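Listed in order, the protein sequences are those of chains A and B.
Residue numbers for the first sequence follow this note's numbering, beginning at 1 and rising by one.
Residue numbers for the second sequence follow this note's numbering, beginning at 188 and rising by one.
The set of hints was computed from the structure by calculation and includes no laboratory data.
Computed from a predicted structure; not experimentally measured.
Keep in mind that a hint or two might mislead.
[Unchecked claim] Sample of chain A residues lacking proximity to chain B, with all beta carbon distances greater than 12 Å (derived): (1) Glu87; (2) Met89; (3) Gly93; (4) Gly97; (5) Gly180.
[Said to hold, decoys possible] Straight line, CA to CA, 35 Å or less: simulated DSBU-like cross-link-like pairs of lysine-lysine: (6) B:Lys617 to A:Lys163; (7) A:Lys153 to A:Lys4; (8) B:Lys671 to B:Lys219; (9) A:Lys163 to B:Lys307; (10) B:Lys617 to A:Lys172; (11) B:Lys551 to A:Lys181; (12) B:Lys457 to B:Lys551; (13) B:Lys671 to A:Lys4.
[Claimed, not checked] Chain B is nowhere near these chain A residues, computed Cβ spacing over 12 Å in every case: (14) Ser85; (15) Arg86; (16) Ser94; (17) Ile101; (18) Gln176; (19) Asp177; (20) Lys181.
Using N, Cα and C, we set each Cβ at its ideal position, and we do this for glycine too.
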Amino acid sequence: MQSKLIYVIFAIVVLIAGVLIAISLAPPVANSGGIPHPDIPGMQAGGDGAARLEYIGNLAFAFQCLLLGLIVCLCGLGVSARRRSRELMIYMGSSLGFMLIVWWQMYSSHQAFLESGTTAYFMGFPIATAWQVYGTWLGAIPLILIYSMGFRKYIYTPEDEEKFDSLLAERKVAEQDQAGKQASGPQ
Amino acid sequence: MEAYRQEIILGAVVVYMLFCVLTGLWAMKRTKNSSDFFIAGRGLGPFVIALALFSSTLSGFGFVGGPGLVYSVGVSSFWMVVISSTGYAIGFFLVAKRIRMIAELRNCISLPDIVAARYKSEAVRFLMAVTIVLGVMGYLATQILAMAVVMQAILSGTVMFADIGLVACVVISSAVLIFYCVTGGIIASVYTDVVQGSIMMIAGTLILFTAMSVFDGGMAEATSIILADDSEAIMPFGAAGIMASLGWFFVFGLGLAGQPHIITKMMMNKNISDNRIILPMSLFGYIMAALLWISIGVVIRAAVVDGIIDPLALPDDAASVFLSVFASPLLAGIVFAGLFAAIMSTSDAFLNIGTAAIIHDIPKAIRGHSVRNELFWARVVTVLLAVVAASFALYSYYADATLVAILGAFGWATFSASIFPVVAIGLNWKGATVMGAMTAIVAALLINFIVQLAGIVLPYGISGGLVSFVTSLLLFIGVSLLTKPPQLDADIESVLDI
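Pulled out of the complex, with its shape left as it was, chain A reads as follows (with noise of 0.2 Å):
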């Protein structure tokens, strides 16, 4: 709990936002949210891809790494400090490297697609797209598995239960003395 980590992630919060400021600096285009449809009504069209990214590719890529870090720290947030060990801390940070590859080969597969116009495809989306809807799905497994099978020895030890059903237990007592002497009434 008196880590340092809430600095860390109050760090990040701030670069978020230093990066979205930056964003809303950049050079407008006129497709960056999308365009209506040339021919049929009430749908959108991207367009122009590369020129959507031209000016805030780079900044956009950096502020999904920031959320992707924070999203991690603030898992880590969530353990007791006291548990937050060596062990733990290299599962975390596997974890987000491991949504950072999948970051990156959504992200560079769309650079490659917006380069060549072509695309090869898996389990029925372009492999851009393929990454982003089985791999963002699949990107936080390992954090759902750290919880799962590490709930009682990070999350909620034996310790740890055993600690609430003492503090459960003080909190009868004095539930009890204090309606005990509501019924005695003053004497």
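Please arrange chain B on chain A, whose structure you already have, making use of the hints.
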């Protein structure tokens, strides 16, 4: 079977609604006090909690608005779905254990109860309760309107109810919702959630297989048709662009741990240790149900681009057009029941937390104690809240949509921005202060209100929700670091250490 399509759909929906009514009657016998009414006496098993969690997460927006968004902006909206694994992970790491511990230790029955115990502040409780009430009104009004519109579409296709009006549909659908929420409280809600969640999973899976059979080349052919028309629409950032997409990742991912109707359910499980299996089960259920969002959206966009069907009058028609053109009557019946399930499972959760805020938290924050006979007033206020929300919905539909649109701004993004820092970080950091919490909540509400009212459009598709979320995080941590660390109660300090 095709000749009886409307009757089969209607039959499926009627069976589903009868089930809800019967569950309400059954749960009434188990609801003996306000703790039973609001948090099911903290006695629910992992399977029930898991299904209740994910079915509350995926509302009518997911079943109607989701496919409509894919039709409209392509893959951009996938980011709201694929973030679910990250969102659930953050929610469980940050909230599930400690909210459940404080709930039992302090006999809390609502989220504002939890923050009041954590911060030792009635002001924070009041702000949290007001935020919840405002959000609930907006959410409920839109859900009730969606429910009525779908019901009208189903009934008007039959000979007997061909001329049925929207008001009658609002009355019928709200009556079922009110009945089981009033009689059985949260117990009825979570047990209907079990069936609602199961229907949603079945619907999502069946729809995926149906969608894959629309084109001979399956999903790959559908996506290649979209690619040939507008490649960006089927690439990872969709038509809405990279910052809109990543903004949704941020707001929907982190924001899940700030949704009061979801995290309140984390207070209801019998054993804290059950969280280890609730997390993967919830995620599995959500993924199965969300298949509907992705598969209908992609296939309908491809079918329109390919000229198989005409352009939709409204993007939100995507699901109903898919069902009428590509699905068998039986599947359409299951999915329409699933649609009502999605809407009702979210609505009942909102009715529950809204009622708790009105009869329990706001009086406690102002007068120091809740109303007498909480169970009776909980039932009365549940009815009133639903009636007011239904009235808002009808007013919005027939007269002026502004009010509901403003309240609608208090949706997911506002809850994320105002509640996530205060609850998710506050339960894990002793240095969080009352001033930090209040500043974050007020800033989140103001930014979302101003962006909505002024119609501000930010560059590169950056959303107001993203800006308010980042700002509230900055203010919460920054102001807390600058203000004097609080003196926590001993038991709360112990919980934060565990």
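Okay, the hints, checked on the actual structure:
no.: 1; hint: Glu87; result: 17 Å, holds
no.: 2; hint: Met89; result: 14 Å, holds
no.: 3; hint: Gly93; result: 15 Å, holds
no.: 4; hint: Gly97; result: 15 Å, holds
no.: 5; hint: Gly180; result: 18 Å, holds
no.: 6; hint: B:Lys617 to A:Lys163; result: 18 Å, holds
no.: 7; hint: A:Lys153 to A:Lys4; result: 22 Å, holds
no.: 8; hint: B:Lys671 to B:Lys219; result: 43 Å, violated
no.: 9; hint: A:Lys163 to B:Lys307; result: 22 Å, holds
no.: 10; hint: B:Lys617 to A:Lys172; result: 25 Å, holds
no.: 11; hint: B:Lys551 to A:Lys181; result: 24 Å, holds
no.: 12; hint: B:Lys457 to B:Lys551; result: 26 Å, holds
no.: 13; hint: B:Lys671 to A:Lys4; result: 17 Å, holds
no.: 14; hint: Ser85; result: 16 Å, holds
no.: 15; hint: Arg86; result: 19 Å, holds
no.: 16; hint: Ser94; result: 14 Å, holds
no.: 17; hint: Ile101; result: 15 Å, holds
no.: 18; hint: Gln176; result: 14 Å, holds
no.: 19; hint: Asp177; result: 15 Å, holds
no.: 20; hint: Lys181; result: 19 Å, holds
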